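Given next are the chains, with one letter for each unit.
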Amino acid sequence: MLVNEFLLLGAILFCIGVYGVIARKNAVMVLMSIELILNSVNINLLAFDRLHGGSDGNVFALYIIAVAAAEVGVGLAMVLLIYRNRKSISLDELSEMKG
Amino acid sequence: MVLATDIQVAQNIGFGIIAAIMVLCAVAVVAARNVVRAALALVMVMAGAAAQYVLLAAEFVAVTQVLVYIGAVMVLFLFGVMLTRAKLGAEAELNNKNWAWGIPVALVMFVVMAWALVDGFEDTRLGGTVGDAAPQDTAVISDLIFKPYVLPFWALSFVLLAAVIGAIVLARKD
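If you read the protein sequences in the order shown, they are chains Y and B. Following the working numbering, the numbering of the first sequence begins with 1 at its first residue and continues without gaps. Following the working numbering, the numbering of the second sequence begins with 1 at its first residue and continues without gaps.
Hints are supplied without guarantee of correctness; some may be wrong.
Taking lysine-lysine and the DSBU-like style, the derived pairs with C-alpha atoms no more than 30 angstroms apart in a straight line are [as the list claims (entries may be wrong)]:
| no. | chain 1 | residue 1 | chain 2 | residue 2 |
| --- | --- | --- | --- | --- |
| 1 | Y | LYS25 | B | LYS97 |
| 2 | Y | LYS87 | Y | LYS25 |
| 3 | Y | LYS25 | B | LYS147 |
| 4 | B | LYS173 | Y | LYS25 |
| 5 | Y | LYS87 | B | LYS147 |
Stretches of chain B that chain Y covers, calculated by requiring three or more beta carbons in the stretch to come under 8 angstroms of a beta carbon on chain Y [claimed, not checked]:
| no. | stretch |
| --- | --- |
| 6 | 27-33 |
| 7 | 36-49 |
| 8 | 63-72 |
| 9 | 93-99 |
| 10 | 115-124 |
| 11 | 137-145 |
Here are the in silico distance ranges between beta carbons for each label pair [as the list claims (entries may be wrong)]:
| no. | chain 1 | residue 1 | chain 2 | residue 2 | range |
| --- | --- | --- | --- | --- | --- |
| 12 | B | ILE165 | Y | ARG84 | 14 to 24 angstroms |
| 13 | Y | LEU2 | B | VAL140 | 23 to 33 angstroms |
| 14 | Y | ASP92 | B | MET109 | 33 to 43 angstroms |
| 15 | Y | LEU2 | B | MET109 | 38 to 48 angstroms |
| 16 | Y | HIS52 | B | ILE17 | 20 to 30 angstroms |
| 17 | B | ARG33 | Y | ASN85 | 36 to 46 angstroms |
Just so you know, the hints here were simulated from the structure itself, not pulled from any lab data. Everything numeric in this text was worked out from a predicted model, so none of it was measured. Glycine is no exception: its CB is placed at the ideal position from the N, C-alpha and C atoms.
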């Protein structure tokens, strides 16, 4: 199999995720799009790992999975806090951090 | 010279089917008008990614993907959806006002990346035959984690600890 098949699949998923981050207003949906991006990076890492015949890419992919789990936990806790304070999780209403 | 055994028809067909399902479900994630439906499409993308990892002979990562993403992260997402939303029906306001700007940005990004990849890797083949490759030995991975990559492993355990404590502090009612 060509390495490009996996790399192009990763590129497509990455771009769909970037579109989701730009287009979505709901904070939970933005977090889901970030998960898409992280998965595409994992596919890339494992494809390169397979190409070069080591096992380092597997370790990087496992670390990315762990960091993504931590990120989702903290992100959803923040979304919950924002929802409790404002009864809304739409991101364009959160403008208090503007100077 | 390309031998018939190098083409690997079965693996390519499997890859194509799974990749098509993944792309369709990823589009559903960013286009769905219902949050729960988007979360379920995300499950399909994660499962497809796990299948691609198996195709890349990375079984341990595939199993971890199923455990952590499909098991834990999706439950977190569904809890997040249910706790921040009174009703489970369609939402009118999931997108920004100027969401259409995302389409040209994503398209330009994809064209640039695809051009760079096709130009750079042309038809480089993955080493050996993908289907018959020896599975990545889990012992090798654990040797890597606990010998050369032990410092990032420590850092990662602190990150996870901080994330757990941070999530509790943020989300508790007081």
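Evaluated hints:
1. For the hint pairing LYS25 of chain Y with LYS97 of chain B, the CA-to-CA distance comes to about 9 angstroms; that is within 30 angstroms, so the pair holds.
2. Distance hint between LYS87 of chain Y and LYS25 of chain Y is fulfilled; the C-alpha atoms sit about 15 angstroms from each other, no more than 30 angstroms.
3. Only pairs whose Cα atoms come within 30 angstroms are accepted, and LYS25 of chain Y paired with LYS147 of chain B is rejected, the gap being roughly 43 angstroms.
4. Restraint check for LYS173 of chain B and LYS25 of chain Y: the C-alpha separation of about 26 angstroms stays at or below 30 angstroms, so the hint holds.
5. Using a Cα cut-off of 30 angstroms, the hinted pair LYS87 of chain Y and LYS147 of chain B is violated, with the two alpha carbons roughly 48 angstroms apart.
6. Coverage of a stretch by a chain is defined here by at least three residues with a beta carbon nearer than 8 angstroms to that chain's beta carbons; for the stretch 27-33 of chain B and chain Y the count is 3, and the condition holds.
7. With a threshold of 8 angstroms between beta carbons, the proposed coverage of the stretch 36-49 of chain B by chain Y holds, since 6 of its residues qualify and at least three are required.
8. Residues of the stretch 63-72 of chain B lying with their CB closer than 8 angstroms to a CB of chain Y number 5, which satisfies the three-residue condition for coverage.
9. Note: the stretch 93-99 of chain B has 6 residues with beta-carbon separation from chain Y under 8 angstroms; the three-residue rule is met and the coverage holds.
10. As drawn, the stretch 115-124 of chain B meets chain Y at 6 residues by the rule of a beta-carbon pair under 8 angstroms; at three or more, the given contact holds.
11. Counting residues of the stretch 137-145 of chain B whose beta carbon lies closer than 8 angstroms to any beta carbon of chain Y gives 5, which reaches the threshold of three, so the coverage claim holds.
12. A C-beta distance of roughly 19 angstroms is found between ILE165 of chain B and ARG84 of chain Y, which places it inside the suggested range of 14 to 24 angstroms.
13. Between LEU2 of chain Y and VAL140 of chain B the CB atoms are about 25 angstroms apart, so this pair conforms to the stated range of 23 to 33 angstroms.
14. The supplied range of 33 to 43 angstroms is broken by ASP92 of chain Y and MET109 of chain B, whose beta-carbon atoms lie about 23 angstroms from each other.
15. Taking the beta carbon of each, LEU2 of chain Y and MET109 of chain B are about 22 angstroms apart, not inside 38 to 48 angstroms as hinted.
16. At roughly 27 angstroms, the beta carbons of HIS52 of chain Y and ILE17 of chain B sit within the given window of 20 to 30 angstroms.
17. At about 26 angstroms, the beta-carbon gap between ARG33 of chain B and ASN85 of chain Y misses the expected band of 36 to 46 angstroms.
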